[in-house]
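Note that the protein sequences, when read in sequence, are chains A and B. When the letters of the first sequence are read in order and numbered with my numbering, they come out as residues 5 to 134. When the letters of the second sequence are read in order and numbered with my numbering, they come out as residues 37 to 167.
One or more hints might be untrue.
[Said to hold, decoys possible] Computed spacing ranges between beta-carbons, pair by pair:
id	chain 1	residue 1	chain 2	residue 2	range
1	B	110	A	19	28 to 36 angstroms
2	B	50	A	30	28 to 36 angstroms
3	A	23	B	141	48 to 56 angstroms
[Stated by the list, open to error] In silico DSS-like links for lysine-lysine, alpha-carbon gap of 30 angstroms or less:
id	chain 1	residue 1	chain 2	residue 2
4	B	52	A	34
5	A	102	B	108
6	B	52	B	98
7	A	6	B	124
8	B	98	B	129
9	B	108	A	98
10	B	52	A	6
11	B	108	A	29
Hints are computed from structural coordinates only; laboratory data are not their basis. Please read these numbers as outputs of a predicted model, since none were measured by experiment. Glycine included, C-beta positions come from ideal geometry on N, C-alpha and C.
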Amino acid sequence: MKLSILVNEGPYQHQSADTAIQFTKAALEKGHEIFRVFFYHDGVNNGTRFAVPPQDDRNITEQWTELARENDLDLVICIAAAQRRGILDENEAKRQGKDGNNIADGFRISGLGQLIEAGIQSDRLVIFGD
Amino acid sequence: MAEPWEDDELDGPVRKFMYVNRRAPYGTIYALESLEVVLIAAAFEQDVTLVFMDDGVYQIKKEQNTDAIGVKNFSPTYRALEGYDVEKLYVEKESLESRGLTTDDLVVPVQVVNKDQLAELMEEQEVILSF
Numbered sequence: 005m006k007l008s009i010l011v012n013e014g015p016y017q018h019q020s021a022d023t024a025i026q027f028t029k030a031a032l033e034k035g036h037e038i039f040r041v042f043f044y045h046d047g048v049n050n051g052t053r054f055a056v057p058p059q060d061d062r063n064i065t066e067q068w069t070e071l072a073r074e075n076d077l078d079l080v081i082c083i084a085a086a087q088r089r090g091i092l093d094e095n096e097a098k099r100q101g102k103d104g105n106n107i108a109d110g111f112r113i114s115g116l117g118q119l120i121e122a123g124i125q126s127d128r129l130v131i132f133g134d
Numbered sequence: 037m038a039e040p041w042e043d044d045e046l047d048g049p050v051r052k053f054m055y056v057n058r059r060a061p062y063g064t065i066y067a068l069e070s071l072e073v074v075l076i077a078a079a080f081e082q083d084v085t086l087v088f089m090d091d092g093v094y095q096i097k098k099e100q101n102t103d104a105i106g107v108k109n110f111s112p113t114y115r116a117l118e119g120y121d122v123e124k125l126y127v128e129k130e131s132l133e134s135r136g137l138t139t140d141d142l143v144v145p146v147q148v149v150n151k152d153q154l155a156e157l158m159e160e161q162e163v164i165l166s167f
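Chain A extracted, bound-state conformation (with noise of 0.2 angstroms):
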């Protein structure tokens, strides 16, 4: 089956980001597809690489970024929602004139137009979030 991921909520404060990695996992082993992964709302922040948890902890941005390198994953941030929480790629930092940009590997910006092209391009879209 065809499927896309939606993580509505931020790491670390919600289990969300958590539980989509798992179920991707689980989905591409028992021989799935995954069209997309679109981070909207405060899941957007799945994708800084400025976040240093404790050692002890995971690390939830770099648990996307193997995923997304072992299985070619599409990592897609939301560009609107980013922009209000200062998630930033070097292109969006030239044009918003701030002096860095904190986007992880595997991440990349685009439209809501890349979620609802999930929608109709996928068997199932499966949302994580409250």
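Could you slot chain B onto chain A? The hints should help.
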């Protein structure tokens, strides 16, 4: 019958999308960012249905005034949805009644359905996004 030029407009499948709004308009950002999704999605010419239930019915309550909380009142935007061909708006009867509201209190025309009818509507959908 569809005219030949109308066929050209459809690039890919049209799916049934339902947006379920369950939260109060202020206090969290879900309602505002849900509306942003609906407006962007309108450009994709999908079969869109909006539902307001639980505290989500307050999103379309008339006479909202947000001056004292310093947040933008975005309720007028719901009246623009018609211009985006988003015309299927449903409100759950139980949610409306338990909050002492009627359709006269709402900024847009809606269809009122009870929870069983709403469950049937949800059954028909292909993509359901709940905010």
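Against the structure, the hints come out as follows:
no. : hint                               : in the structure
1   : B:110 <-> A:19: 28 to 36 angstroms : 29 angstroms, holds
2   : B:50 <-> A:30: 28 to 36 angstroms  : 31 angstroms, holds
3   : A:23 <-> B:141: 48 to 56 angstroms : 38 angstroms, violated
4   : B:52 <-> A:34                      : 27 angstroms, holds
5   : A:102 <-> B:108                    : 25 angstroms, holds
6   : B:52 <-> B:98                      : 28 angstroms, holds
7   : A:6 <-> B:124                      : 28 angstroms, holds
8   : B:98 <-> B:129                     : 17 angstroms, holds
9   : B:108 <-> A:98                     : 28 angstroms, holds
10  : B:52 <-> A:6                       : 17 angstroms, holds
11  : B:108 <-> A:29                     : 40 angstroms, violated
Hint compliance for this structure: hints 3, 11 are broken, all remaining hints hold.
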